[in-house]
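Colleague: Chain by chain, the residues:
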Amino acid sequence: METVIEISGISKRYELGQSAQFYDSFREALTRALRSPWANSRNGSGSNHNGNHGGNTFWALKDVSFNVQKGETVGIIGSNGAGKSTLLKIISRITDPTEGHVKVRGRMASLLEVGTGFHPELTGRENIYLNGAILGMRKAEIDAKFEEISNFAGIGKFLDTPVKRYSSGMYVRLAFSIAAHLDPEILVVDEVLAVGDAAFQKKCLGKMAEACSRAKTVFFVSHNLAAVENLCTRGVVLQHGKLVFNGGAREAIDFYLHNLCGEGSAPGTHIIDLSSAAGRPVRCRPLLKRLELYTEGDRPVNGDLPVGGPLKAVITFQLEEPCASFDASIAFDTPTGQRVCTAHSAYESARIHDERVGEQVFVCDIPSLPLIPGEYKVNVGLDIRNSEVDWVEDVTRLTVINADYYGTGVLPTKGQFLLENRWTIASPVERETRLAEKP
Amino acid sequence: MSAAIELEIKPHQGWQRIDFREMWHYRELLGFLVWRDVKVRYRQTVLGGLWAVLQPLIAMVIFTGLFAHVANIKTDGVPYSLFVYAGLVPWTFFANAVGLSSNSLVGADQMIRKIYFPRLLVPLGVIVALGLDMLIGFGFIAFLMVYHHWPVSSSLVTLPIFLFGTFLAASGLGLALSALNVQYRDVKYAVPFFTQMAMFLTPVIYPMRYVPGRIATLLAFNPMAGMVEGFRHAVLGSPVSWVLVARSIGTSLLIFVAGLFVFRRMERTFSDVI
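Chains as they are written, first to last, in the working numbering: chain A, 5 to 443; chain B, 66 to 339.
Treat the hints as calculated values from the structure; they're not laboratory data. Don't take each hint at face value.
[As the list claims (entries may be wrong)] Stretches of chain B that chain A covers, calculated by requiring three or more beta carbons in the stretch to come under 8 Å of a beta carbon on chain A:
{"no.": "1", "stretch": "105 to 114"}
{"no.": "2", "stretch": "179 to 188"}
{"no.": "3", "stretch": "282 to 294"}
Model, not experiment: these values are computed from the prediction. The beta-carbon is built from N, C-alpha and C at its ideal position, and this holds for glycine as well.
Bound-form chain A, shown alone (with noise of 0.2 Å):
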């Protein structure tokens, strides 16, 4: 096996907030050289290898190193903040490394996002040219390919539109085909293959597994596990920007579910306070204190929860004087702020409880939350004798993620939710003499 990536301890710092070297007008450069005329030349020296300027800095990448044989494909699996876009955009040379270096044997070509470059007055056929130029494509290669280009992405007769006038479908299909044309030895993708409408997804999907096969390396990191399943031989797990898993990709897939998935950027989010909240209408008393959000095992959600998990929620309030009959609910809205569905404790139906007064908790389990992958609002609600006294919106954002729900690496794209659903098929003669004996 020939190694075609070798990747050795790469770490990458990034100064947080406007501190350091960041800051964007010529004045805070100006009092910041007068108070401190050393600190700019010893800025970006990346050698002060404790990390700290004054625990404002935060590394993204810590230390990772691993090789990639030539044919393989692997995927890089994380939770949001993982490091997996830092190490994507290192190895892509969009942003340098801190520490570390990586060795890259073979004609590499990167995939951050489709249709870089593309100009909205261009026409199709123009921005085919520039985006294939932008991606590293030849003039005389894009010609070869330009016929089978625009074949795939179905443009047609739109060629010689602006792509401004294209509906968002035509656009992504047209930035997709030509990404998908790329011939390199090296292939380096991120989430792109998440575009388009369902139909024009699998096309892209078989366009990806014709990519791998052709005995190309592929390094490929995306949120959609079923895809990481179907299509790489190999998985690494990233975690708070360190290698916890390098091995077969079915294996990296069943680490992540058992052991991160759930953790999100930033560990602890998962205990969100509710007392002084921002999406809280004037006319509710702070009464919600805090929610928690736990999945399979009572790991903490820090964001991420895979499509059909467990949720079990955490809700602690206050009630001011004794009271018998009081509720708590958890919604879920699109992010555009439609309604989902709500968990209400009046659903309940075996709900007793009596007279009760200060700090109270009440859990709600949630079996299984199958809303299809995306991003979700959370809201919480409290109410007493029926009427609703407490209510705060978008308290934390959940994302769904790709999991296999159903076992066969396919979920729906459109709709909201996952139906349980079985199928089966019934011979015809069975169902006419069956009809036939009903009166």
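On the provided structure of chain A, position chain B as indicated by the hints.
Modeller: Showing chain B alone in chain A's frame:
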């Protein structure tokens, strides 16, 4: 079988040399960026490329009214309108090149965040694309010369020197300012104002010999002073001081090298800061 291309990605610190091999590898992309700029610039405008003529033409009419008739500036026999237009063509190129290129990186933030390519191509592409406007401007100078029955001078052969000098000065400033603009958006506000003021410190609307001695020495450090005078010498055969030209070219060269180094130094943090 070992693949031929080996790439090493490692932290870059301090000053960077220019990777000419890589620039050559990406030459087609530069071509496409220039082509895009040219195609897009006048899309959905009624007058299109005419704007390249119109901008200096309107300035010419105003300046002719003001300076030829009111201030009575003498221009060695050259009709003032022709004199000022021949100065406005290179100056407009310079001002637009500095202005547009300094905003070019910030405008290409999507590309910079999502894909690798030599970042130098972004401001350079903008400047090269503006060359077309200058070419159109030259066409109009030719028209004005015919109109005024002004003969073509043999000094036209010196034109490439001044084209080259102007390109050096514009791209040097453009590179440095575009890189600074990524981090300090103040640049966006400062540049239009300073280029406007700088026109009066350049012999565009007046000939150099109107400038008194000591100020003239200072003006020579303005790289465009020698270039604008040179343009008029090449096109119209007006007198020119070669000392001035030499100084201006020297300054241009210095600006270009400095701009290149500033750019290369700041380049590595573009995608993090932009």
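Colleague: Hint by hint, which ones does this structure get wrong, listed from lowest number up?
Modeller: Going through the list in order, the structure violates hint 3 alone and respects the others.
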